[in-house]
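**Q** Using the sequences provided together with the hints, build the complete structure.
Protein chains: 4
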Amino acid sequence: MLNAKLALATNSEHQTVVKLSPAVAFGGRELVIIGGPCTVESQWQMETVATRLKAAPLQALRGGVYKPRTSPYSFQGLGIEGVEILSQVRSHYQIPVVTEVMSIAQIESIATSVDMLQVGSRNMQNFDLLKALGKVKKPVLLKRGLAATIEEFVMAAEYILSHGNSQVVLCERGIRSFDNYTRNVLDLGAVAALKQLTHLPVIVDPSHAVGKRELVTPLAKAAVAAGADGLIIECHPEPEKSVSDARQALSLEDMVKLVDSLRPLAAVVGREIVGSPNISHLAIAPR
Amino acid sequence: MLNAKLALATNSEHQTVVKLSPAVAFGGRELVIIGGPCTVESQWQMETVATRLKAAPLQALRGGVYKPRTSPYSFQGLGIEGVEILSQVRSHYQIPVVTEVMSIAQIESIATSVDMLQVGSRNMQNFDLLKALGKVKKPVLLKRGLAATIEEFVMAAEYILSHGNSQVVLCERGIRSFDNYTRNVLDLGAVAALKQLTHLPVIVDPSHAVGKRELVTPLAKAAVAAGADGLIIECHPEPEKSVSDARQALSLEDMVKLVDSLRPLAAVVGREIVGSPNISHLAIAPR
Amino acid sequence: MLNAKLALATNSEHQTVVKLSPAVAFGGRELVIIGGPCTVESQWQMETVATRLKAAPLQALRGGVYKPRTSPYSFQGLGIEGVEILSQVRSHYQIPVVTEVMSIAQIESIATSVDMLQVGSRNMQNFDLLKALGKVKKPVLLKRGLAATIEEFVMAAEYILSHGNSQVVLCERGIRSFDNYTRNVLDLGAVAALKQLTHLPVIVDPSHAVGKRELVTPLAKAAVAAGADGLIIECHPEPEKSVSDARQALSLEDMVKLVDSLRPLAAVVGREIVGSPNISHLAIAPR
Amino acid sequence: MLNAKLALATNSEHQTVVKLSPAVAFGGRELVIIGGPCTVESQWQMETVATRLKAAPLQALRGGVYKPRTSPYSFQGLGIEGVEILSQVRSHYQIPVVTEVMSIAQIESIATSVDMLQVGSRNMQNFDLLKALGKVKKPVLLKRGLAATIEEFVMAAEYILSHGNSQVVLCERGIRSFDNYTRNVLDLGAVAALKQLTHLPVIVDPSHAVGKRELVTPLAKAAVAAGADGLIIECHPEPEKSVSDARQALSLEDMVKLVDSLRPLAAVVGREIVGSPNISHLAIAPR
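Protein chains in written order, with the numbering used here: chain A, 1 to 287; chain B, 1 to 287; chain C, 1 to 287; chain D, 1 to 287.
Careful, some of the hints might be misleading.
Just so you know, same-sequence chains aren't split out, so a pair can sit in one copy or run between any two.
Claimed, not checked - DSSO-like mimics (lysine-lysine), calculated; alpha carbons at most 30 Å apart, straight line:
no., residue 1, residue 2
1, K257, K135
2, K5, K241
3, K241, K131
4, K135, K241
5, K257, K241
6, K5, K137
7, K257, K5
8, K137, K257
9, K19, K241
10, K212, K5
11, K19, K131
12, K257, K131
13, K19, K257
Everything labelled a hint here was simulated from the structure, so no lab data went into it.
**A** If you want it as structure tokens, here you go:
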């Protein structure tokens with residue numbers, strides 16, 4: 001059905017591996033867990049997250065510095081100041097960092113400071129941005145649009161691949177539905193379908209999908225069981241004070257518990273969370 | 001938000017157990033797997049399924065005898081003849097049987113021959129049917145409507161509960177969405193939410209949700225990881241010859257493999273599939 | 001695409017006319033406007049509506065006596081008492097009456113007292129009810145399901161037609177969508193499609209579609225312009241006191257204004273609202 | 001509900017008028033009809049459209065030169081060559097021209113050659129593009145996203161307004177739904193709601209909404225009856241040869257007929273199509 005040429009798997013063994021660092025790669029046996037706040041708010045915040053969670057272990061940190069907000073009057077992100085915070089935390093804690101890029105003009109400054117460029121749901125079919133990311137030598141995390149079909153999602157990846165960048169990871173993050181009890185509906189059928197259709201790694205964002213922190217853990221487990229190559233999960237040192245998406249962020253303690261609960265599940269489906277948990281000795285950075 | 005009085009859990013330990021037989025119950029530690037064809041087609045078909053799968057083990061058999069079909073010209077089910085087949089297989093193989101009831105008039109004859117009455121998605125808000133099932137002493141399997149909100153689903157159960165029948169099991173079976181790559185979208189966020197909101201057992205039908213047999217197994221695993229109390233899965237001795245939903249039925253061999261693959265996963269989330277697999281000595285019934 | 005045999009138009013002139021009374025028919029040049037409350041609450045209420053609106057003119061009255069409510073604890077309708085109110089108003093004011101039938105058991109008593117039996121959205125695929133209505137000699141108003149495709153809608157009509165009743169009117173009443181600013185989304189593309197696909201009359205319910213009274217009039221106009229054969233609109237003597245759907249009912253004064261505003265529009269698209277307005281001399285019934 | 005500051009109407013008389021030329025303005029008594037092909041394919045094509053339709057009369061021409069296509073292998077538009085064709089036709093036929101801008105880099109060259117810049121559905125929440133358009137002195141035609149809520153749509157306009165450009169026209173073009181019988185579902189309830197909520201002109205694109213040319217005319221009429229300030233409709237000299245969206249384009253003859261059929265309808269709802277039809281003397285440009 002799809003006229004993709006580069007994104008489709010030619011056989012069931014065909015699997016692209018996307019490396020964030022020598023130690024962290026999507027698409028292999030390793031389950032990659034990315035954690036962090038929706039929005040980078042301060043150096044203290046990001047250092048606290050890194051200090052507490054690197055040894056959970058998380059494999060990468062997330063944090064938005066340019067934020068796509070429904071209202072022009074909502075906080076739009078720290079911008080360059082946020083990029084610098086990410087850059088410092090990345091080098092100090094030796095942990096890969098992911099952040100969203102909203103326009104072509106932001107690519108250059110961000111690409112040198114982080115390990116992976118995220119395309120947000122609202123930009124999944126911002127084709128000029130996709131083409132520009134096709135010319136960058138950085139992995140791209142492509143989030144599914146709010147109402148994108150599986151075919152449109154694969155073809156959006158094809159835009160990046162066909163412009164020269166083969167390092168694309170797909171991310172299912174919930175689709176729009178008629179019921180607002182949960183924020184969106186996590187479509188794990190799409191994850192299973194994408195794992196068969198394409199050779200690209202597929203990860204899941206249960207936080208944005210469900211929008212309520214008490215439902216994140218069961219959906220994170222479900223995603224791993226369905227075959228996801230990784231997870232991206234919102235967490236915050238003080239969730240109820242988060243400047244955005246406060247309702248869905250986990251506390252750092254709950255994030256640690258989630259990683260612990262995923263370890264045996266990952267093993268059952270042939271996956272591994274690299275690194276042993278090593279939390280106890282870590283002090284929280286002073287504010 | 002919900003003005004349900006009987007369906008809501010009063011605390012996190014509050015859990016109803018619905019028994020199909022002395023050995024089979026929903027809502028406890030046991031993971032209940034119901035398998036069988038969409039439609040009862042013949043005695044041979046149902047005996048083959050029972051012979052091959054009882055020791056998989058499956059905990060219950062399904063098979064439709066009154067079929068809600070989009071077209072009046074499609075096969076509408078074997079009716080009473082099908083009820084008799086179910087009744088015979090049930091007593092001969094000592095395995096509980098589930099079938100759909102489409103109208104009040106069918107309740108009496110079906111209720112004496114099977115162990116659980118299913119309300120299909122299209123009838124989730126057939127309130128007169130729900131009221132009538134509230135007066136029956138049989139467990140009810142209530143499937144979520146194609147576009148029912150979580151609130152409407154819980155309130156449909158409340159209709160049955162408030163009319164006197166407390167033996168209700170909820171079933172998530174996929175909701176309508178904009179993408180027809182999969183038949184529906186399996187909403188595991190709803191499963192997680194329902195497990196927290198209500199004290200009723202919640203099971204999942206991955207077959208109708210996804211509509212393609214190659215995607216059933218990952219979604220069945222995801223459902224168990226998300227906390228489902230059971231699964232209902234279509235399988236058929238000759239899937240491609242099925243009179244309905246041929247595209248989504250598993251072969252009996254694949255059904256056995258699926259149960260095997262669920263066993264370690266169930267264990268990791270604190271569940272158990274009762275009975276050890278005991279397939280090898282079973283001969284297929286002659287046609 | 002559809003395997004309907006009886007519902008499809010064989011050419012662009014093929015049009016069924018469904019008569020409610022010698023003076024009122026759907027499917028001809030006449031635009032049929034049905035008005036009245038969501039729920040029959042009292043004799044005073046229905047007489048007030050009839051007194052004020054018969055000369056608007058409305059062609060028929062609506063009012064629910066068996067109500068499909070999400071919660072079992074919500075008012076379920078006056079039942080037989082309501083049927084008697086409808087029957088009296090119908091004979092006293094000589095105006096056709098439409099009401100919903102929710103189950104097979106209600107058909108007989110209702111069918112003798114009203115002029116048209118409505119199948120509600122939640123029962124559009126209650127196939128046993130449809131089959132039973134196929135054997136009744138009364139026009140049926142079939143409302144589209146909340147998430148029914150055009151094909152499923154036509155096939156639901158086919159159930160009634162193929163069981164012997166050719167007097168079916170289709171009603172588009174809004175479908176479920178992701179935005180809850182309006183209650184549902186009125187799908188006038190479906191109205192245009194159904195007018196071309198089938199020979200059955202097609203009417204529109206803008207009240208349930210949009211759920212806000214201030215938006216009913218523009219959608220009623222749009223429906224007429226799109227080719228609808230009639231409208232069914234909620235109105236109430238005291239809208240804010242309505243026991244159900246209070247937010248969407250028009251006042252009787254606004255209902256009169258709406259009919260007035262539709263008259264020139266109907267003329268432009270080749271339709272006519274039969275009867276000249278004759279409101280001034282009508283006294284309101286004493287309470 | 002909305003925290004928009006600039007887009008909301010302060011009272012029912014509050015109405016912005018957006019001028020495309022001295023003779024063509026959205027938001028007044030005049031109904032503005034924009035016609036033309038999905039994609040600019042050649043000078044001959046655009047001249048044919050202008051020659052035949054200017055006197056229909058159409059008030060403005062549309063034609064895409066940068067095309068957002070699902071697949072990177074589909075024709076992406078003529079680019080600068082297409083801008084030149086638009087510019088020539090615009091000056092030769094003295095008719096305003098509208099075209100889509102997909103990225104910030106395209107704004108400058110396009111803005112000097114056309115009269116209105118369109119933001120496509122896929123870019124409705126491309127916030128950096130919206131901010132950039134807020135600094136341009138050209139009217140913007142903002143299309144609703146495929147699954148954008150009314151609130152999100154208004155807030156997208158607010159991005160443009162709050163960055164300095166008050167010349168914004170909203171366009172409803174159908175939303176995603178579960179039924180693919182029509183391409184999308186035209187949401188005229190949103191049009192009625194937007195006319196009450198905001199002071200911005202609101203137009204409708206029935207072609208993309210329904211995706212089948214035989215359904216365009218009834219929906220165009222419905223849009224006018226619902227209160228739309230204008231229409232944007234696809235038409236093509238040889239519809240079946242169109243490089244994109246061939247299934248929904250009207251022939252030029254049908255486009256003329258549509259305008260004719262809208263004239264009396266517009267009058268009934270207090271609108272006017274400026275200019276009298278003057279088709280007969282117009283010769284088609286030689287190919």
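**Q** Where does the structure disagree with the numbered hints, that is, which hint numbers, in rising order?
**A** 1, 4, 7, 8, 9, 12
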